[in-house]
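Model the full assembly from the supplied sequences, consistent with the hints where possible.
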Amino acid sequence: MAQAIQKITLSAARDIPFNKLVLSQQNVRKIKAGVSIEDLAEDIAHRGLLTSLNVRPELDGDGNETGIYRIPAGDRRYRALERLVAQKRLAKTAGVPCIVSKGETLEVEDSLAENVQRVSLHPLDQFRAFQTLREQGLGEEEISARFFVSVATVRQRLRLASISPRLLDLYAEDEMTLEQIMAFSITNDHVRQEQVWDTITRSHSREPYYIRRLLTETAIRASDRRAVYVGIEAYEAAGGVTMRDLFEQDHGGWLQDPALLEQLVMEKLKADAEAIQMSEGWKWFEAAFDFPYGHTSGLRRFYGEQAEMTEDELARHDATRTEYDRLDAEYAEANEYSEATEQKLEELGSELDRLNDRPYVFDPQEVARGGIFVSLGASGELKIERGFVRSEDEPKDETDPSADAGDGADRGDDLPASGAAGGEGAQPDDEDESIKPHPDRLVLDLTALRTVALRNALANEPVIAFVAVLHAFVLKTFYVYGSDSCMEVTLQSARFSQTPGLGDTVWAKEIDQRHEGWGQDLPKDPNDLWDFLIKLDEVSRQALFAHCASLSVNAVIEPWNKRTRAIAHAEQLANSIGFDMVEAGWTPTADNYLGRVTKARILQAVREAKGDQAAELIGHLKKADMAREAERLITGCGWLPEPLRSTVVGGISQSDAAGDEVVGPDHAETTEIQDLPAFLLDEPETSNDDTGDTESGIDGEHLAAAE
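Mapped onto the numbering used here, the consecutive letters of the sequence shown carry residue numbers 23 to 729.
Among the hints, erroneous ones may be present.
Pair by pair, the computed Cβ-Cβ distance ranges are [to be verified]:
no., residue 1, residue 2, range
1, Gly371, Arg111, 57 to 63 Å
2, Val485, Lys546, 26 to 32 Å
3, Gly371, Met288, 36 to 42 Å
Straight-line C-alpha distance at most 25 Å; calculated DMTMM-like pairs for lysine to aspartate or glutamate [to be verified]:
no., residue 1, residue 2
4, Lys405, Asp385
5, Lys292, Glu201
6, Lys405, Glu255
No wet-lab data here; the hints were simulated from the structure.
In this text, a Cβ means the ideal position worked out from N, Cα and C, and glycines have one as well.
See below:
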């Protein structure tokens, strides 16, 4: 005979006056968490009590009910009601919905069960609920007020709800993490979101930062100098779209239409350059994002003179300087910090700077035949180079007859930046794991970079610069092979315009600043130059000599002209002044090296810098990702590719250069070809390799491992 199933009787629900309720000491919730009591009280006031309290009748010694009810589950709701009563927004005798327990279980058990068995709302349900509220007419601020979260939080959750439904379904099934969903929210393009998801599902890396990188790889950061120059408002007014990341600091977002931005930049650049030309009276202007290094070569440069101070400005300058010196001296003797004094000194200093930084005035006749170059500075400001005269604009009777002879310094220096050098046809084969010689074009670019840095270092070593030029003079006078020197002492200066980005290096900027300073000091009439140099003090004369000599250094290895003995002399020169590219500030990046070599070369670089284990971590990646991860791994390690490494060769040593003696020919070693760096011994070869992105399979590893 089947046993009858015992029926369950639920505890009764009833309204109990608030003043008959007391908190139980058996409530397990002791730590404050979640919505505050104040916010919960406001929510109850807005929509009423949504969940009943769990209570038990209090009994006296004889087991009779006293009329008081203890609350083992519902502590926070009770305190919120208590707050409303204290504010006189709820009557003390108001009925509170309660479930009256039969008392068959322990009070602490009831409290624990109510909290443990509660299931939190899935984040996606919350996102969609916020979206439904907005669709039903509630604004972001109103949703924020009703659910006690910031407006920014509401916007974030609404953004997450607008992601591709396919990706949200995957998130609901726990196939994606919340951090991944947040990364996808950068763009509203569902098709692009799904494309990126399909891409990373075939990859080892699914990290949020990698998702963001893929979504923004064709966009331009708002901090880019082009975006700063044009302005986000102007870009968006022209129809451009900006992606924003509501979950990470995005510094203004990403501009999705690079072509539109560059069009706006060029239009604004030309308009600004034309306005400067018209207002200042220049004959011509050239405008571009950037100009190649050495773009002013062959043009005569003239400089303006700083406008003299008026009597009023001079009097104000003297008074300001006197007050600044007095206040500074008094403050130096004071024992306590004074914010007011600091601010006053800063104001006086700014006034002195304003008076000293007067505009330069150019000769109107020179301006009428001269021109300007207008480009973008690193921070998005206009970079204006004034005072250049083309040879055809020079007065006929003043034209230098030697100007048409050519300086012979180009010899292929102006190869297109994207072209191949010396018959080099294609990129190296990334699938070939053997270490091949560096491509001729890369060696040319790297040694051009090293030459500019070496020029800058030599300019700070006047004694060695003098010896280097003297060495070249003696070679040309007493020896047959007078070209065996890296010093082009006729002051031919190779431009290296085929190597992009040289003008933005710290070394090129120091050279330009130094050149500008001397240009301002030298007399305008070349007939006055001799007397100027005679009167110049010895230190200044040596510094000027070193600057001029440094501009003739050419240590570039060209595919059609290895110049092995000249390069050997460049090594002697570098060793003599203790020059090193690491100390000069060069570091390998994906742009300047790692992204331009094969995967085998990248792994070799990481292996040499960080060891085999680090190389194994990135061995499975595609080339672009491998280059980026390698950059992060070897930054700060002091690693250099072969073309940038210093090699100790025969000749003047650093210790010799520090003293007064110069090593004579009887003591100097003869530099042989085998003493050169290994890469110089490689025969030029034509590479028909192609860059591939096939991944090697290292299961279980991923991009983040490189961190």
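Going through the hints against the structure:
1. Gly371 / Arg111: 57 to 63 Å: holds (60 Å)
2. Val485 / Lys546: 26 to 32 Å: holds (30 Å)
3. Gly371 / Met288: 36 to 42 Å: Given range 36 to 42 Å: holds, Cβ gap about 39 Å.
4. Lys405 / Asp385: holds (21 Å)
5. Lys292 / Glu201: violated (44 Å)
6. Lys405 / Glu255: holds (22 Å)
The structure does not agree with numbered hint 5 stated previously, though it agrees with all others.
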